[in-house]
Every structure is written in structure tokens, then in C-alpha cells.
Amino acid sequence: MSAFVLLTVMTALRILSRNRLRAGLTMLGIVIGVGAVIAMVSIGQGARAAVQAQVASMGTNVIVIMPGSTTVSGVRGGQGGAVTLTINDAADLKKRSPLLSDTGWARRDVMQIVNGNRNWNGPVNGVSPSYLTIRDWSFMSGGPFTQADMESAARVALIGQTTLENLFDPGEEAMGATIRIKNVPFQVVGVLAPKGQSAQGTDQDDVIFIPFTTAERKVFGSQFLGSVGALFASTEESADLPEAVEHIRETLRARHRLEPDQADDFTIRTQVDIGKVQESTSQTLTVMLFAIASVSLLVGGIGIMNILLVSVTERTKEIGIRMAVGAKRMHILTQFLIEAITLSLFGGMIGVLVGIVGARLTTVIAGWPTMISLDAILTAFLFSLAVGLFFGLYPANKAARLNPIEALRYE
Amino acid sequence: MVPLIVCEDLWKIYRIGDVDVQALRGINLTIDRGEFVAVMGTSGSGKSTLMNLLGCLDQPTRGRYELDGLDVSTAKPDVLAELRNRQIGFVFQNFNLIPRTSALENAQLPLFYRGVSIKEQRRQAAAALQRVGLAGREQHYPAQLSGGQQQRVAIARALVGAPSILFADEPTGNLDTASSREIMDILEHLNREDGITIILVTHEPDIAAYASRELIMKDGQIVQDVRRASHLSVVT
Ligand SMILES: Nc1ncnc2c1ncn2[C@@H]1O[C@H](COP(=O)(O)OP(=O)(O)OP(=O)(O)O)[C@@H](O)[C@H]1O
Ligand SMILES: [Mg+2]
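These protein sequences, in sequence, are chains X and R.
Letter by letter, the first sequence follows residues 2 to 412 in this note's numbering.
Letter by letter, the second sequence follows residues 2 to 237 in this note's numbering.
There could be a bad hint or two in this list.
Which bits of chain R does chain X cover? Going by a derived footprint, with three or more residues having C-beta under 8 Å, they are [unchecked claim]:
no., stretch
1, 82 to 91
2, 101 to 114
3, 129 to 135
Quick caveat, the hints were computed from the structure, so don't treat them as lab data.
Backbone N, C-alpha and C define an ideal beta-carbon position, used for all residues, glycine too.
All chains, please: the whole structure from these sequences, using the hints.
Here you go:
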């Protein structure tokens with residue numbers, strides 16, 4: 002049997018190499034199908050990995066509470082002058098909700114920042130020290146400011162990588178330097194480690210952190226004293242997030258004296274929610290590519306079936322000869338199945354190459370992250386094998402069921 | 002010992018539209034091992050039809066056919082394939098070689114379906130080609146060989162599996178006199194030296210003269226069955 006299979010494979014290769022153009026055109030569908038699968042999975046996995054990294058860069062089990070209500074479409078409304086969240090809310094949440102391991106707050110504004118003759122317009126964040134822990138910021142040099150800095154409204158600042166590059170010359174020492182925010186001098190006490198893009202696509206390293214109290218009193222102006230841009234909280238376990246969210250909602254509604262028929266005047270998002278939004282975008286893409294891949298594989302399969310039917314007709318006499326010298330139905334069936342599989346596997350192989358090149362091009366041209374996975378390549382191979390088998394079966398069976406004498410007489 | 006071939010009231014009826022064509026009408030025939038039989042008769046008398054039935058390529062509409070004691074008139078396709086592979090060799094008027102496939106590979110074919118190792122297939126096929134005088138032509142494609150040479154490849158393919166019967170339907174029909182003689186000498190040798198039973202269809206009396214028995218067919222029936230000393234024994 003092994004000699005039979007080996008020789009049959011060799012025969013199949015020879016027959017295909019005789020009709021290279023025909024074989025190539027037949028394989029095209031499979032090539033496109035498998036190429037699409039490989040590219041699709043690479044882009045999908047690349048996107049997922051990037052999203053996971055972004056979501057992870059938020060911190061661990063983070064809950065974000067923003068002022069303003071949520072509309073049906075999920076877009077936050079009622080921003081601008083809305084002053085609905087305060088530091089007292091944060092303190093109260095911490096006190097009432099044992100599930101929350103920590104709460105913090107932040108308020109941001111874009112300001113002019115000056116170092117010597119360089120200046121930069123960037124977001125300045127007044128934050129509580131706990132905010133830095135919740136968001137998992139780490140340091141290249143220096144360290145976070147303290148509760149004492151907070152109480153004394155110290156003029157200390159932490160700067161992100163992008164801000165550092167824009168404010169300082171390469172090699173210039175930032176630690177201990179004095180920068181001016183809205184003309185108020187601040188001493189740099191920490192340089193933050195880079196985080197990259199956020200899940201929303203903004204540069205998280207274009208940032209300056211100063212103590213919330215300092216920001217309120219010396220930089221932002223005091224018309225909304227005690228109000229914050231957003232509250233942050235975290236739980237120990239991610240499983241506690243849903244319950245913690247409910248707790249926060251109840252507490253805040255009570256504190257804000259909302260009637261049961263009134264909508265929330267705040268919006269709560271967890272890290273998990275944010276990840277989901279991103280994932281659904283990449284899922285849309287995946288579904289689209291999956292559709293392309295299935296259609297191409299189907300078309301490719303039909304192409305193989307068609308060319309095999311032609312081949313069975315063309316080689317009817319040969320089939321008759323083979324039967325006359327003792328080929329059984331199994332032998333003829335196997336021969337044509339092997340031809341079908343050879344076509345589809347070749348197509349699959351070229352498709353894998355096309356897919357890898359496509360994924361690379363996507364990274365180079367569109368800048369999307371891609372990840373080529375061995376699993377995808379193996380799956381693609383299995384798929385092309387299955388397509389060859391499935392669509393080869395009908396023509397092969399047709400050949401095997403020919404009547405020997407009629408096949409021999411066929412002209 | 003059981004005769005190699007026993008036919009009882011063998012019928013073959015083709016139905017074309019509403020018309021029945023009775024190609025064979027009640028054939029009764031017994032052929033012993035080692036015989037050299039020539040089948041003659043007018044065109045359309047059913048010679049090829051009979052050969053195809055005896056060669057297990059086709060099955061009778063009615064009647065009984067026993068090959069080597071085995072009833073094959075109702076056998077399954079794979080049983081017939083096995084018989085053709087082990088017991089039977091065919092030589093056709095139009096050679097029936099697989100195109101664009103070397104002489105060696107064509108001659109290997111019966112062994113290929115027998116599951117013999119590739120090395121053994123090649124060795125035996127080369128030996129068979131040598132027996133028909135084609136040593137050195139192993140790698141030629143059929144299109145690169147003369148008609149006589151192609152028919153010799155077909156004979157090599159027919160004998161490579163050491164069959165007990167060889168069916169030859171007008172094997173010299175497409176060949177000139179010289180090539181015809183070569184082919185017939187090979188067949189005669191196979192019959193005399195290897196004891197292979199040969200059943201041959203021909204229109205030419207001097208080809209039929211090689212045989213030791215002559216069947217004459219007419220309208221799907223055997224009308225004459227003569228045994229005689231073969232042509233060679235007459236000469237010697
Ligand atoms: N496949 C078929 N379908 C219908 N009729 C057939 C078929 N094969 C043979 N016949 C008919 O059966 C009869 C016998 O044909 P067969 O081929 O056996 O003749 P033959 O003796 O071999 O003739 P020739 O000497 O010309 O080769 C003919 O009338 C032919 O038309
Ligand atoms: Mg005939």
C-alpha cells in the first residue's frame with residue numbers, strides 16, 4: 002500500500018506539473034482563502050495582544066467613575082460644567098465599600114509647561130497619591146510624591162516619557178530640575194516609566210502629575226474646589242468588580258440624592274468593559290476576514306472539483322486501462338483524491354506564504370500589530386486538506402465507479 | 002482437472018433505446034489450460050464482446066461463466082479486478098498504453114496494483130520488457146515508440162504479472178506484416194514455453210494459423226470449433 006501511495010503521489014505531482022497554469026489557476030481560490038485565514042488570525046491576534054497590553058497598562062482591576070450620564074449609545078453626555086464628583090465622594094466610597102482596596106482621584110487640564118527656553122503644551126494632572134498606585138505607574142528614576150506633599154500642597158511634579166523628551170535636551174538631567182507650570186515653579190521628583198498608548202489610542206506618556214491640592218490651589222484656579230475630573234478605585238479580585246460597581250453606584254446615588262426615576266449623574270467603567278469594547282472592534286474585522294476566507298475556500302474547493310471532473314473525463318481511457326490491469330475502485334478513488342489533496346495542499350502552502358507576507362505588509366504599511374501563529378498555519382493546512390478531500394470525493398468517486406469496458410472504449 | 006474456462010449459455014444483450022442488440026446468443030464453450038485459441042468471424046459477430054466477458058472486463062446478461070472453477074458471472078467489481086490483476090493479461094488492437102508514461106511504468110502497472118515493492122516492480126517490468134526485446138527502451142514514452150514496439154510494451158505489461166490467460170483482441174490489426182510476425186512469435190513462445198493459455202481474435206488466416214484451435218463466430222454464436230495441429234508443428 003505504501004508503494005502504491007508513494008507512486009500515486011509522484012504521478013499526481015507529474016500530472017500537475019504538466020498542467021502548471023491550470024493547476025495554478027485551480028489553486029488560486031485556496032491560496033486566497035488560506036492567505037486570508039493566516040492574515041486574519043495574525044491581525045486578530047496582534048490586535049488582541051495590543052489591546053491586552055493597553056488594558057493591562059491601566060493598572061489592575063481598575064474602576065473609573067466619570068461625571069456625567071451615559072446615553073444609550075454609550076457616549077458620555079453632560080460634560081463640560083458638570084461638577085458631580087468630589088474628593089468627598091472618593092473618601093466616602095473607601096469608607097463604605099469594603100470591596101474597594103483603594104480609591105483615588107484626578108483632574109486634568111492642558112497647560113503650558115516651560116523648562117528654560119523650551120515649552121510644551123501638555124496635560125497636567127492633579128492627582129491623589131493613591132491614584133498612582135491604582136494606575137500602576139512605575140518610575141524610571143525618583144518616586145511618587147507622598148501624602149505629606151499632598152497636605153502641604155508641595156510644588157513637586159512627576160513627568161512622563163513624552164513630556165521628558167519635549168521639555169529636556171537628550172542627556173539633560175530632569176531629576177531635581179525646576180519646570181514652570183502656568184508660571185509656577187515645580188521641582189521634578191520622578192520620571193515615569195513609559196506605558197505606551199491607552200486603549201483609547203492616546204499617548205499615556207504625554208503627562209505630568211502634581212499633587213491634587215497643589216493643582217487646586219496654585220494652578221487650576223479654585224472655582225470648583227474639591228471637584229474632580231474622575232474617580233478611580235480598585236479591587237483585590239477581578240471577580241469582585243461587578244459587585245463593587247453596584248456598591249459604588251448605590252453609594253453615589255445616595256450621596257447625590259438622586260430619585261429612583263433619575264438617571265445616574267456619573268458613569269462607571271471597569272477595566273474589563275474597556276477591554277471588551279476594543280475586542281469587539283477587532284472581532285468585527287475578524288468576522289469580515291473569516292467571511293472572505295470561507296468564500297474563497299469554497300470557491301477554491303469548487304475549482305478543484307471542477308478541474309478534477311474535467312480530468313476524470315479527459316482520462317477516462319486511462320482509468321479503463323488501469324481497471325483492465327486490475328485497479329480496484331479504492332485504487333482509482335485514492336488516485337484522484339491524492340490529486341485533489343496535492344492541489345489543495347500546494348494551494349494551502351502558497352496561501353500560508355501569501356498570508357505571512359500580507360500580515361507583514363499590514364504591519365509595515367498600516368502600522369497594525371500582527372502576530373503570526375503556528376496554530377493558524379496548522380489550521381490552514383488542515384482546512385486545505387479538508388477542502389481537497391471534500392471536493393475531491395465526488396469526482397474521485399465518479400472515476401472509481403466507471404465501468405471498465407465503457408471507460409476503455411471511451412474516445 | 003477442471004477446465005480453465007467453462008461457459009454455459011452465455012448471453013450478452015445491449016439495449017439501445019428501445020432496441021435490443023443481441024451481441025452474444027447462447028455461447029457454450031470450454032477451454033483447457035495451455036490452449037492457443039483463435040477466434041474468427043465477420044465484423045460485428047460478437048468476438049470482442051466474448052473476449053471482454055471471458056476477460057472479466059464485462060459481465061454477461063445471462064448464463065454462467067466459470068473461470069478456473071470460480072463462478073464469475075455474478076462476481077463483484079473488486080473480485081473481477083483481482084482476477085484481471087492475477088489471472089488475466091490483455092493485449093488490445095490499439096495498444097492501450099497510458100500516454101506520457103514510460104514503457105517501464107506502463108509495464109509495471111499490474112504489479113503496482115498488487116502492492117509489490119517499487120524496486121521489485123521495476124525489476125520485473127524491466128525483465129518483461131527484455132523478454133519482448135525492448136531492453137534499453139524502458140524510459141521511452143509510447144509516443145516515442147513504433148506501433149510494433151508499443152504492442153510489445155503492451156505484451157510485457159500483460160505478462161509481467163505471470164497470468165494464466167492472455168487475451169489478445171486483434172493484436173496485429175494495426176501492424177505491418179513484419180511487426181505482426183514478431184508479435185505472434187512472442188505470443189507463441191509464451192504459449193509453448195510458459196504454458197500461458199492464449200485466446201486471440203483475428204481476421205487474418207495466417208495469424209489464426211498460429212493457434213491450435215479455431216472458433217468461428219457468426220451473429221453472436223460459435224458456428225464452428227476446430228482443433229488442429231498448430232502452424233509451427235506443421236512446419237517441423
Ligand atoms: N457497448 C455496446 N453497446 C451497444 N452495442 C454494442 C456494444 N458493443 C458491441 N455492440 C454490438 O454487439 C455486436 C458485436 O460487437 P463486437 O464488438 O463484439 O463485434 P466484433 O466481432 O468484435 O466485430 P469486429 O470484428 O468489427 O471487431 C455488434 O452488433 C455491436 O454493434
Ligand atoms: Mg472486435
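Hint-by-hint comparison with the structure:
With 6 residues having a Cβ less than 8 Å from any Cβ of chain X, the stretch 82 to 91 of chain R passes the three-residue criterion, so the hint holds. Evaluation of the coverage hint for the stretch 101 to 114 of chain R: fulfilled, as 5 residues show C-beta separations to chain X shorter than 8 Å, against a requirement of three. With a cut-off of 8 Å between beta carbons, the stretch 129 to 135 of chain R has 0 residues touching chain X; three or more are needed, and the interface restraint is violated.
Comparing the model with each earlier hint shows a violation of hint 3 alone; every other hint is respected.
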